[in-house]
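Listed in order, the protein sequences are those of chains A and B.
Numbering-wise (numbering that gives the first Met the number 0), the first sequence opens with residue 0 and increments by one.
Numbering-wise (numbering that gives the first Met the number 0), the second sequence opens with residue 0 and increments by one.
No wet-lab data here; the hints were simulated from the structure.
Owing to the predicted nature of the structure, the values given are computational and were not obtained by experimental measurement.
Be aware that a few hints might be false.
Quick list of in silico lysine to aspartate or glutamate cross-link-like pairs, DMTMM-like style, CA-CA up to 20 Å [as the list claims (entries may be wrong)]:
hint: 1; chain 1: A; residue 1: Lys177; chain 2: A; residue 2: Asp139
hint: 2; chain 1: A; residue 1: Lys177; chain 2: A; residue 2: Glu6
hint: 3; chain 1: B; residue 1: Lys160; chain 2: A; residue 2: Asp150
hint: 4; chain 1: B; residue 1: Lys477; chain 2: A; residue 2: Asp2
hint: 5; chain 1: A; residue 1: Lys51; chain 2: B; residue 2: Asp560
Here are some of the chain A residues that sit facing chain B, going by a computed Cβ distance under 7 Å [said to hold, decoys possible]:
hint: 6; residue: Phe37
hint: 7; residue: Leu40
hint: 8; residue: Ser56
hint: 9; residue: Lys163
Just so you know, even glycine gets a beta-carbon here, dropped at the ideal spot from N, CA and C.
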Amino acid sequence: MIDQYVESISTFSGDIDNVIWVVFLIVGFWFVLAELVFFGLIFKFLAKPGVKAKYVSGERPEEKRWVTLPHYATLAFDVAIIVLAIKVWHDVKIDLPKADSTVRVISQQWAWTFVHPGPDNQLDTPDDITTVDELHVEKDKTYHFELTSRDVLHSFSVPVFRLKQDAIPGRIIKGWFKATQTGQYDIQCTEICGIGHGIMPARIIIESPAQHRTWNQSNAPKVADAAPTTPPTQLGGMP
Amino acid sequence: MSAAAHAEHDHAHGHAHHDEGFIQKYLWSTDHKMIAMQYLFTGIAMALVGGFTVYAFRMQLAFPGMPVPGYGRVTATDYNALVTTHGSVMVFWVAMPVLIAALGNYLIPLMIGCDDMVFPRLNRLSYQLFLLSAIVLMASFYVPGGAFGGAWTSYPPLSAKAEYNLTGLGSSMWLFAVALEFAAFLLGGINFITTVMNSRAPGMKMFDVPIVVWMIIIASILFMASVGPLIAGAVMLMFDQQLGTGFFDPAKGGDPVLWQHLFWFFGHPEVYVVLLPAMGIVAEIITVFSRKKLFAYKTVLYTAIGTGVLSFFVWAHHQFIAGIDPRMANVFSVTTLLISIPVAEMVFVYIGTLYGGSIRLTTPMLWALAFIAEFLLGGVTGIFLGASGADIYFHDTYFVIAHFHYTFFPIAFIGSFAAITYWFPKMFGRMMSETWGKVHFWGTIIPFNLIFIPLFLLGARGDHRRIYDYRHFPDLMKAGMQDLRILATLALLVLLAFQVVFLVNLFHSIFRGEKAAANPWNANTLEWQAPSPPPHGNFPQGLPNVYRGPYEYSHPDRAEDYWPQTEPEAAKS
Ligand code: HEM
Ligand SMILES: [Cu+2]
Ligand SMILES: [Cu+2]
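Isolated chain A (complex conformation):
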């Protein structure tokens, strides 16, 4: 449903869309049913001259049934949703698969700095490529990201990946993604971070292996125009 509007191009984006779809079906059903009963009762029981309302306490078991049955149904559906949601949550947020490559994502008022490992695929080596507001990744490769902030809270969001994680100064938060398709998409900051919050867009550029190799080679040496990166230890964070 979501993927009709926002492309779904990470390995877990489809799972998240599935949760949303299942919840939609379940709550959609209950919502429509409840509204139908509700409006049905209103029209059925509009005041008619000479007809007195029924006297129903709702305390007798056969009356209460009308509330307790939906009650258990709600519980059953809740459990189903919980199981599904937690499974996906676990895959996206808890259980990080082994990385092919790691990028560092540093947010600040009001820009993103991305540190790519460069041709040697190792961070903190001289061939690291640092860019501002542009993240280059390769399709079909598992990335870990190390997210931090230089000042206030920000949030690293890539809607096409269904990925979102807040950035906290003084901490490095790890996450992962694996793109399934090439292209260029928005990166958003989704946590209010001051007057420039609205102008903190960045782009993610997902490349084929060949494109990525070319980009790596042509950018590796010269990093002068990008903002300096701060090694994580100087941010006072935990590893």
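Since chain A is already given, all that's left is putting chain B with the ligands on it; use the hints.
Here is chain B with the ligands on its own, set in the frame of chain A:
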């Protein structure tokens, strides 16, 4: 009642004089009804502030960069301040004063059959603190740097340091205003709880108390139990702002996420603090206008208590992706989905109450029914957000905004309009115009849906919150998205315009409305036994005795379809 009895009654009270001055009567009063009116009209005035701010920033979203008539150009700085003020005002200075303070003050003594709150002077102080808090908040627009723009949730480090938020004074004034407002409601809450415990009319047992009173009491308890940690947090944040301490500053060993826990430990129960009174209002109105006994009174009460208790264990669903231990999200996802059970049950009970009724679609009844219909959508969309996996995508998008407006708007506005139109005859001794009431109803309900359904769609399509110009995001300018933003804004303009109808109807009816009888709706509860409007001391014919529960409508043994709580058993035919 005779005039003599009235005078004697006043005398007995000792604090009412027939020639009170304007100040004594309207500003320095200790009468719970007058304090309720103070809260009500201050709340309405603040709703105008909330309405104006949303007008300005929604215009910017629909027509970015164009000067907004009556405001001017909305800069990024303005945008943040407007959004922050809108959220803060609507929750803390509209929903709270109108639903809890105004209705609690007005209804509790009348509905439990006593002459005033037990601590009338504390009550007066409560309103005065509240008024001061509103003044401090408004004044922050005029200080150097302007009003705070770090969102109604005020997350540090942004809120903690002037170098980040650029509104050093504005941020502290915001925080101070919120803290004062909490103090005001703490005083009010103490009063409500003590009054209901001590001053119920003779014969009024626990299960004879009208649901709306129960709901206000449960809400007050929730508020008092949850606000403590946030007040502590506010003090720490104030220290961080003004004294340079580092409670929330990682460079000084603090933790910014701590604030989020304190805020939401309060913030989530707070949504039930406003929900429950609205639910109570709806219970009173649907029983009266369907001439039905409330379906399963005790179930309503127990689910309300259950919701209240559970609401203390769900707060971190606002923080799934905020950097808390991701395993914690599992716990909070479970509790959040479980809370849907008592909430859904309450809605089922209300729907059940309509069964077999004799339904009259008066203006208050339309509002009460609309509350149920609309709140249902707010409730079910909460499930998407409580499902942790799905919330990764929805968090901080317009989907969240649409979700909580489908809960908050029914609560704060639909609920308040229901209450005002229902109790207006009691409050002012006159009737409101039904015709204009219905015009206002449809002129509010239709645009309300046209504002927020587009926002669900925009959220699903990736619009994130608190962005003043989406033209910076190519993926958010795809075909149709700006049209949805414009549709929402135009619907808002229509909604705002129809509020003029309400205000005119309100003020016109206060002075010119048809005179109301004591019990124009043939309702059972005690307030309708007092004259309209009730004099100081409420029950000039003497405080009432209670013989039965509040919802004995259409009892088979009686010819009339209602049975006032005060009517002695002997009157049974
Ligand atoms: C009682 C009526 C309710 C009110 C007034 C309400 C209000 C709110 C508010 C104000 C927010 C957004 C806070 C912010 O980020 O600024 C919110 C978010 C949320 N609500 Fe509700 N809510 C209600 C019912 C529910 C229910 C019944 C559920 C779940 C069963 C629910 C689940 C959530 C979740 C999980 C979020 C966090 C979403 C996110 O930020 O990603 N809410 N609600
Ligand atoms: Cu931001
Ligand atoms: Cu919540």
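#### Entry: Satisfaction of hint between Glu6(A) and Lys177(A), Cα-Cα up to 20 Å
holds, 14 Å
#### Entry: Restraint status (C-alpha distance of Lys477(B) to Asp2(A) at most 20 Å)
Measuring from Cα to Cα gives roughly 14 Å; hence the hint holds.
### Message
For Lys177(A) and Asp139(A), compute the direct alpha-carbon distance and say whether it is at most 20 Å.
### Response
Answer holds: Lys177(A) to Asp139(A) is near 6 Å, not above 20 Å.
### Message
Holds or violated: the hint that Ser56(A) contacts chain B, with Cβ atoms closer than 7 Å.
### Response
Cβ of Ser56(A) sits 6 Å from chain B, so the hint holds.
#### Entry: Lys163(A) as chain B interface residue, shortest Cβ-Cβ below 7 Å
Where the cut-off is 7 Å and the nearest Cβ of chain B is about 5 Å from Lys163(A), the hint holds.
### Message
Does Asp150(A) sit within 20 Å of Lys160(B), going by the straight-line distance between their CA atoms?
### Response
holds, 10 Å
### Task
Using 7 Å as the Cβ threshold, decide whether Phe37(A) counts as touching chain B.
It holds, given that the least Cβ distance between Phe37(A) and chain B is near 5 Å, below 7 Å.
### Message
Run the distance test for Lys51(A) versus Asp560(B): straight-line Cα separation, threshold 20 Å.
### Response
Cα-Cα ~7 Å, so holds.
#### Entry: Status of the Leu40(A) interface restraint (C-beta, 7 Å, chain B)
holds, 4 Å
The structure fails none of the hints (numbered hints given earlier).
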